[in-house]
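Put chains B and C on the given structure of chain A with help from the hints.
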Amino acid sequence: MDMTPDPAPPAQPLPEPRRLGPLARLAPEPMKVVLNWGRRYSLWVFNFGLACCAIEFIAASMSRHDFIRLGVIPFAPGPRQADLMIVSGTVTDKMAPAVKRLYEQMPEPKYVISFGACSNCGGPYWDSYSVTKGVDQIIPVDVYVPGCPPRPEALLQGILKLQEKIARESTGERYAPAKPSVQALTSGLVTPPAPAPGSGSGSGDTK
Amino acid sequence: MAPLPGIPGIPGSGLAKGLAVTLRTMTKRTVTAQYPDALPELPPRSRGVIALFEENCTVCMLCARECPDWCIYIDSHKETAPPAAPGGRERSRNVLDRFAIDFSLCMYCGICIEVCPFDALFWSPEFEYAETDILDLTHERDKLRDWMWTVPAPPALDPAAEEPKEIAAARKAAEKAAAAAEAARRDQGSRDDQDEGDA
Amino acid sequence: MTETTIGIGGAAEGTDMVLNIGPQHPSTHGVLRLRLVLDGERIRSAEPIVGYMHRGAEKLFEARDYRQIVMLANRHDWLSAFSNELGVVLAVERMLGMEVPERAVWTRTLLAELNRVLNHLMFLGSYPLELGGITPIFYAFTEREELQQVMEEVSGGRMHYMFNRVGGLKEDLPNGWTGRARATVAAVRSRMGRIDDLVLGNEIFRGRTRGVGVLSQQDVHGFGVSGPIARASGVDFDLRRDEPYLAYGELADTMRVVTRTEGDCLARFEVLLEQTHVALDLADACLDRLTDLPPGPINQRLPKVLKAPEGHTYAWTENPLGLNGYYLVSKGEKTPYRLKLRSASFNNIQALTVLLPGTLVADMVAILGSMFFVVGDVDK
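If you're matching them up, the sequences are chains A, B and C in order. Residue numbers for the first sequence follow full-length UniProt numbering, beginning at 1 and rising by one. Residue numbers for the second sequence follow full-length UniProt numbering, beginning at 1 and rising by one. Residue numbers for the third sequence follow full-length UniProt numbering, beginning at 1 and rising by one.
Keep in mind the hints are simulated off the structure, nothing from the lab. None of these values were measured; they are calculated from a predicted model. Don't be surprised by glycine CBs; every beta carbon is placed ideally from N, CA and C. Fair warning: there could be bad hints in the mix.
Claimed, not checked - Computed spacing ranges between beta-carbons, pair by pair:
1) 306/C / 135/B: 34 to 40 Å
2) 306/C / 44/B: 26 to 32 Å
3) 195/A / 113/B: 24 to 30 Å
Said to hold, decoys possible - When the alpha-carbon atoms are kept at most 27 Å apart in a straight line, the in silico DSSO-like pairs for lysine-lysine are as follows:
4) 331/C / 307/C
5) 161/A / 143/B
6) 133/A / 331/C
7) 133/A / 340/C
8) 304/C / 172/B
9) 170/C / 59/C
10) 334/C / 165/B
11) 172/B / 340/C
12) 59/C / 340/C
13) 334/C / 170/C
14) 304/C / 340/C
15) 331/C / 78/B
16) 170/C / 165/B
17) 100/A / 165/A
18) 165/B / 133/A
19) 78/B / 17/B
20) 133/A / 94/A
21) 59/C / 94/A
22) 165/A / 110/A
23) 110/A / 94/A
24) 304/C / 334/C
25) 165/A / 78/B
26) 59/C / 334/C
27) 17/B / 28/B
28) 176/B / 165/B
29) 100/A / 161/A
30) 331/C / 165/B
31) 340/C / 170/C
32) 307/C / 170/C
33) 340/C / 94/A
34) 340/C / 165/B
What the hints assert, rightly or not - Simulated coverage check for chain A against chain C, where a stretch passes if three residues somewhere in it have a Cβ under 8 Å from a Cβ of chain C:
35) 92-101
36) 105-116
37) 119-131
38) 136-143
39) 147-161
Okay, chain A solo, but in the shape it has when bound (with noise of 0.2 Å):
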């Protein structure tokens, strides 16, 4: 995962992997290169499709955008049977049980792209009552592609810079127990703004 800090992390004793047979850390590195390849163009692609954004998805698997050119295959009959997983569209609470419960479904490796603002960090309706404020607070996002709705071929996009990542990746790194708490995906977003000289202050709040 992208979200560690250093880009370069100690080269720590390769832990058992979670889910991957012991042989997995063995593998050489071409068959490593190898089994990237494959991941990276066959992306069996879960839609969690939630809202406004979910009609862009489908524009995008639709004949005009159409990317199983990439290798993304929008026939996966659920989530036991995919590796990525796109989240696009308004995550609430009363839904996010069933995200969260669907992804641990997935079978490893598995990928998500939140798609749209909405998923990104709640969008127009961050301050809502109702809405999880980010798909990222319940599983890990690997790409996040922004808009509202994004159009189809920011998704296009964004599954390219997934491949990318996926390419790059190792599995051992991946299954890592270090993995990034839920705290460092989610603190440090942005510092509040100072009080603004004049007419400025106080603006932002909702009555």
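Here is chains B and C on its own, set in the frame of chain A:
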């Protein structure tokens, strides 16, 4: 099942018609856009990313205040400049320290661009800025300034449309100047009254 | 939810089985959840459980001024963003007693109809998909892309246009846009026959929808069902004709209200398909009128701070999916005191409680898909 008017009651004819559509479409050109290889042609009004022309920004905070989900962060401080003429008043002006837009929160409504009184914000159709870290989606002023290079010229308006107010203002100013120049020239010719040119 | 819902093969209450469909299920586009009590293959009772997409938009309206509300209002029914915006601005304009320039009225009508086509195309494609025919949605989305391109050129957005402002529209049309819009409308119309051929004449499609899920007129009135679903049951009511807003009053000769009397799934689909044709005709008529209009402004100069006077009003529009109403209460401040949203899908899916009992589980998907709902519109 009653046959549709116009569809003969031969069993399977509806299926055959559908297949005929498929066959006809097969012979046509594909509609697929080859995105990573060929970039889409986007209209100039397309709302992709917000660019900041920070030279125009006077830190009036209107955009940050009017934003429906308050995703614009502006920091500034006051600077006082010495008076232009000795004995005059000190001038103070706001200096921009930070201008950031959180694109993970932005709802792409364009209110900030609309309310900006000094034309410091613009839409750019760029959309390729997906990130692996959500913090990178908060674009700081350097990045926002870089987007300026991708801002297209606004499209010409429909002939039946009213003039855009910028053009109207510019035209009025030009006409006024032309009239003044004309008047000045007339004054030069007749040398009657020198003050008339100012009117 | 206090009851425990159990999946197939689980325990049951009595001899009945309780089957849970959703909230994330391929046939419920969106996150609607259904709780069915089954007796063998028959559905004994059905209860739609809503709220998985509840985002509290009405509460958020109260913290935003009238310009910002427009931007939030278009998101509850994401397939008909333009019509949603329209309701809000119509309500505010009525409160202010504001007169909208003629050019804006006709452009709004035009864009609302184009938006209707976009919305209907989505359902024309997705309904056969739910019944097992994958092909039509590809055709529907090809048309949608064309229309979205036109909408994007004028407004900058593909789905959420945010083109309405109180007092008019955001900015005027780009040069040559009307010509391109006309060409696109003509192209879409010329290809609408493909959906006729692919879906409407298909024996399997007709066999699965004819006579299935008949909604009676009493139930339409009882549940406040509106839009194409109500008209498919013979309820001849369309705000565009019966209480004309925008420029619909002057479009009476083009405007046709499509009705059917059967009330079954096929009738609902037919109404939707024919409405698409009507909407395309209306768009053409609007384009004709736009070219004849004298040059003029497209919006009104607004004060810096827009405050609706104290009072209340109710503005309703014929959204693609049915009646969409905004009840606006203002205390004279720049934010509304309350903005109640009456959305079409919420009422429409309540009819499922009477539609589903007595039908087979296999028909459930056919009925559910033919209710043409958007979950955001249900849950707001």
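Consistency of the hints with the structure:
| no. | hint | result |
| --- | --- | --- |
| 1 | 306/C / 135/B: 34 to 40 Å | holds (36 Å) |
| 2 | 306/C / 44/B: 26 to 32 Å | holds (28 Å) |
| 3 | 195/A / 113/B: 24 to 30 Å | holds (26 Å) |
| 4 | 331/C / 307/C | holds (9 Å) |
| 5 | 161/A / 143/B | holds (19 Å) |
| 6 | 133/A / 331/C | violated (31 Å) |
| 7 | 133/A / 340/C | holds (24 Å) |
| 8 | 304/C / 172/B | holds (24 Å) |
| 9 | 170/C / 59/C | holds (25 Å) |
| 10 | 334/C / 165/B | holds (26 Å) |
| 11 | 172/B / 340/C | violated (45 Å) |
| 12 | 59/C / 340/C | holds (9 Å) |
| 13 | 334/C / 170/C | holds (20 Å) |
| 14 | 304/C / 340/C | holds (25 Å) |
| 15 | 331/C / 78/B | violated (38 Å) |
| 16 | 170/C / 165/B | holds (13 Å) |
| 17 | 100/A / 165/A | holds (23 Å) |
| 18 | 165/B / 133/A | violated (40 Å) |
| 19 | 78/B / 17/B | violated (74 Å) |
| 20 | 133/A / 94/A | holds (13 Å) |
| 21 | 59/C / 94/A | holds (17 Å) |
| 22 | 165/A / 110/A | holds (12 Å) |
| 23 | 110/A / 94/A | holds (24 Å) |
| 24 | 304/C / 334/C | holds (11 Å) |
| 25 | 165/A / 78/B | violated (44 Å) |
| 26 | 59/C / 334/C | holds (15 Å) |
| 27 | 17/B / 28/B | holds (17 Å) |
| 28 | 176/B / 165/B | holds (16 Å) |
| 29 | 100/A / 161/A | holds (23 Å) |
| 30 | 331/C / 165/B | violated (33 Å) |
| 31 | 340/C / 170/C | holds (25 Å) |
| 32 | 307/C / 170/C | holds (19 Å) |
| 33 | 340/C / 94/A | holds (22 Å) |
| 34 | 340/C / 165/B | violated (36 Å) |
| 35 | 92-101 | holds (count 4) |
| 36 | 105-116 | violated (count 0) |
| 37 | 119-131 | holds (count 7) |
| 38 | 136-143 | violated (count 0) |
| 39 | 147-161 | holds (count 3) |
When the structure is compared with the earlier hints, violations turn up for hints 6, 11, 15, 18, 19, 25, 30, 34, 36, 38 and for no others.
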